[in-house]
Amino acid sequence: MQLFKSTVGRKILMAITGQLMVLFVVVHLLGNSSIFIGPNGINAYAEHLHSLGPLVWVFRLVMLTLLLVHGIYGAVVTLENSAANPAKYAMNTKLERGFASENMIWTGLLLLAFIIYHLLHFTARVTPGMTLQNDLQGRFDVFSMVVSSFQHGTIALIYVAAMIVLFLHLFHGIQSFFQTMGWNNDCSRPVISKVGRLVAVVFLLGYSSIPVVILARILT
Amino acid sequence: MSDHKTMTLTLIVWRQKNANDPGKFETYTAKDITEHHSFLEMLDCVNEDLINSGKEPIVFDHDCREGICGMCSQVINGVPHGGQERTTVCQLHMRKFKDGDTIYIEPWRAKAFPIQKDLVVDRTAYDTIIQSGGYTSCHTGGVPDANATLIPKEVLDYAMDAAECIGCGACAAACPNSSAMLFTSAKVAQLAVLPQGKPEAAARVQAMLNTMQECGFGNCSNHYECQAACPKGINVKFIAKLNREYLKALFK
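Keeping their order, the protein sequence lines are chains W and A. When we follow numbering that gives the first Met the number 0, the leftmost residue of the first sequence carries the number 0, and every step to the right adds one. When we follow numbering that gives the first Met the number 0, the leftmost residue of the second sequence carries the number 0, and every step to the right adds one.
If you're looking for bench data, these hints aren't it; they were derived computationally from the structure. Ideal placement from N, C-alpha and C gives every residue a C-beta, glycine not left out. Incorrect hints may appear among the rest.
[Stated by the list, open to error] Pairs of lysine-lysine, DSSO-like flavour, derived with a Cα cap of 27 angstroms:
| id | chain 1 | residue 1 | chain 2 | residue 2 |
| --- | --- | --- | --- | --- |
| 1 | W | Lys193 | W | Lys93 |
| 2 | A | Lys116 | A | Lys30 |
| 3 | A | Lys16 | A | Lys110 |
| 4 | A | Lys97 | A | Lys23 |
| 5 | A | Lys16 | W | Lys4 |
| 6 | A | Lys152 | A | Lys23 |
| 7 | W | Lys87 | A | Lys251 |
| 8 | A | Lys30 | A | Lys95 |
| 9 | W | Lys87 | A | Lys23 |
| 10 | A | Lys30 | A | Lys4 |
| 11 | A | Lys97 | W | Lys93 |
| 12 | A | Lys251 | W | Lys4 |
| 13 | A | Lys110 | W | Lys4 |
| 14 | A | Lys197 | A | Lys247 |
| 15 | A | Lys4 | A | Lys95 |
| 16 | A | Lys4 | A | Lys97 |
| 17 | A | Lys95 | W | Lys87 |
| 18 | W | Lys87 | A | Lys16 |
| 19 | W | Lys93 | A | Lys23 |
| 20 | A | Lys54 | A | Lys16 |
| 21 | A | Lys116 | W | Lys93 |
| 22 | A | Lys197 | A | Lys152 |
| 23 | W | Lys4 | A | Lys247 |
| 24 | A | Lys97 | A | Lys30 |
| 25 | A | Lys116 | A | Lys197 |
| 26 | A | Lys54 | A | Lys116 |
| 27 | A | Lys30 | A | Lys54 |
| 28 | A | Lys110 | W | Lys93 |
| 29 | A | Lys23 | A | Lys4 |
| 30 | A | Lys30 | A | Lys16 |
| 31 | A | Lys95 | W | Lys93 |
| 32 | A | Lys23 | A | Lys116 |
| 33 | A | Lys16 | A | Lys116 |
| 34 | A | Lys4 | A | Lys152 |
| 35 | W | Lys87 | A | Lys116 |
[As the list claims (entries may be wrong)] Here are the computed distance ranges between Cβ atoms for each label pair:
| id | chain 1 | residue 1 | chain 2 | residue 2 | range |
| --- | --- | --- | --- | --- | --- |
| 36 | A | Glu163 | W | Val55 | 28 to 38 angstroms |
| 37 | W | Phe35 | A | Arg85 | 49 to 59 angstroms |
| 38 | A | Glu199 | W | Glu46 | 50 to 60 angstroms |
| 39 | W | Pro85 | A | Glu199 | 26 to 36 angstroms |
| 40 | A | Glu199 | W | Lys193 | 32 to 42 angstroms |
Kindly generate the complete structure, drawing on both the sequences and the hints.
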């Protein structure tokens, strides 16, 4: 089909799947923030999510599909692009492109590695160094699990580092979505670019704040 | 011009005998260059010296030397056309350089633009893209009445901005992915807004994109390096327009 073969078609698929994952990142951050309410907040939130039953698996399958489409086309276009540009310039001056836009494949692969680790950590709960127990209401104690994990400097550092990688990916990615969908013009493009970068900063600060406040023993 | 101070420059130039030669950099000295020399005139001086000493001159493309033909395909210090805003190599003047500067001169580098000799590349791929849809099919006949098809001023300006593209290849040469998206989008956008181009808009965008891919250009990943390098200031808003035209074509 034209959409899957064409250079712009694949770009649109990558943009839509990427942007849907950004929406997930927004919801996930809002959910995570319930940790600041204390054990009651995040444990109740987690309990509520798990009570959705089969919907949880439908949601996981959708997320997996988004990730696969985005990742596979990301790899394909990167390989095609390096094949289209085999000889590099001796002097390579950058005009508009930057570290973030040039390293999308690497930040993407690092994020993939982080997602696998994150799922093994808090979803499969097979990584060491955390307290797994039920709270007084008999719910799974997510709060203790998260707090006991991030009290380890290494784990907290991995999470903050991953959020820096996410920031770099979205620094280019969010504005790129609007350009690819054609939802911009000459005047709005710089504004969209700035807002996209601001959103990336909000994610960085929002997500990193959790391991940082736990490591600093502000949240215990 | 004898009262002007002259410059001596070191040039590191890509020399390649033919399309199959691996090619290499050679170093030359450009002497007695004034600030009034254009970049190509400076190369002419170097070539005269080379010819006088029995050496093969540096081969480079040029035609109009007034900034409108798009033939002078040279990457100077890593930037197509040398980095002066909205300026082709022929209109780049030596006053932009200082005495003693070292200048790297390379041809466009992209798989779709094979190097023919030294700084000359084959840009047939751009013609191939245009041939696949960068036109309007009109009935020939009598000269149409000038005011038969009215076009609003802002539409006309938009189309003219896109039509400024001279097809020099700097966009693909600057693109880290060697994508010809800015070039392709300029023609797609220009014709998509005009009444003469609208009937074929959907077929055009798909055909030109397919041809771009077949020619061996890469995919656009929104670096916007093309816009910064374009000697005619073609804006990446035309790429956004092409993306919209593509989406419209999908549902036709």
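**Q.** Distance restraint between Lys23 of chain A and Lys116 of chain A, which requires alpha-carbon spacing of 27 angstroms or less
**A.** holds (11 angstroms)
(Q) Lys97 of chain A and Lys30 of chain A were given as a pair; does the straight-line alpha-carbon distance stay at or below 27 angstroms? (A) holds (12 angstroms)
Q: Assess, step by step, whether the Cα of Lys116 of chain A is no farther than 27 angstroms from the Cα of Lys197 of chain A, and give holds or violated.
A: Not satisfied, since the Cα-Cα distance of roughly 40 angstroms exceeds 27 angstroms.
(Q) Does Lys152 of chain A sit within 27 angstroms of Lys4 of chain A, going by the straight-line distance between their CA atoms? (A) Answer violated: Lys4 of chain A to Lys152 of chain A is near 48 angstroms, above 27 angstroms.
Q | Hinted pair Lys93 of chain W and Lys23 of chain A, Cα distance within 27 angstroms | A | holds (23 angstroms)
Q: Starting from Lys23 of chain A, check that the Cα of Lys4 of chain A is at most 27 angstroms away, please.
A: violated (32 angstroms)
Q. Regarding the pair Lys95 of chain A and Lys93 of chain W, is the alpha-carbon distance no greater than 27 angstroms?
A. The hint holds at about 19 angstroms.
Q. Taking only the CA atoms, is the gap from Lys30 of chain A to Lys54 of chain A under or equal to 27 angstroms?
A. holds (17 angstroms)
Q) For the pair supplied as a hint, Lys110 of chain A and Lys4 of chain W, is the alpha-carbon distance within the 27 angstroms limit? A) Satisfied, since the Cα-Cα distance of roughly 20 angstroms is no more than 27 angstroms.
Q) Range hint 32 to 42 angstroms: satisfied by the CB atoms of Glu199 of chain A and Lys193 of chain W? A) holds (37 angstroms)
Q. Does Lys116 of chain A pair with Lys30 of chain A here, judged by a C-alpha cut-off of 27 angstroms?
A. holds (24 angstroms)
(Q) Check the hint pairing Lys87 of chain W with Lys116 of chain A against an upper bound of 27 angstroms on the C-alpha distance. (A) holds (17 angstroms)
Against the hints set out earlier in the document, violations occur for numbers 5, 6, 7, 25, 29, 34, 36.
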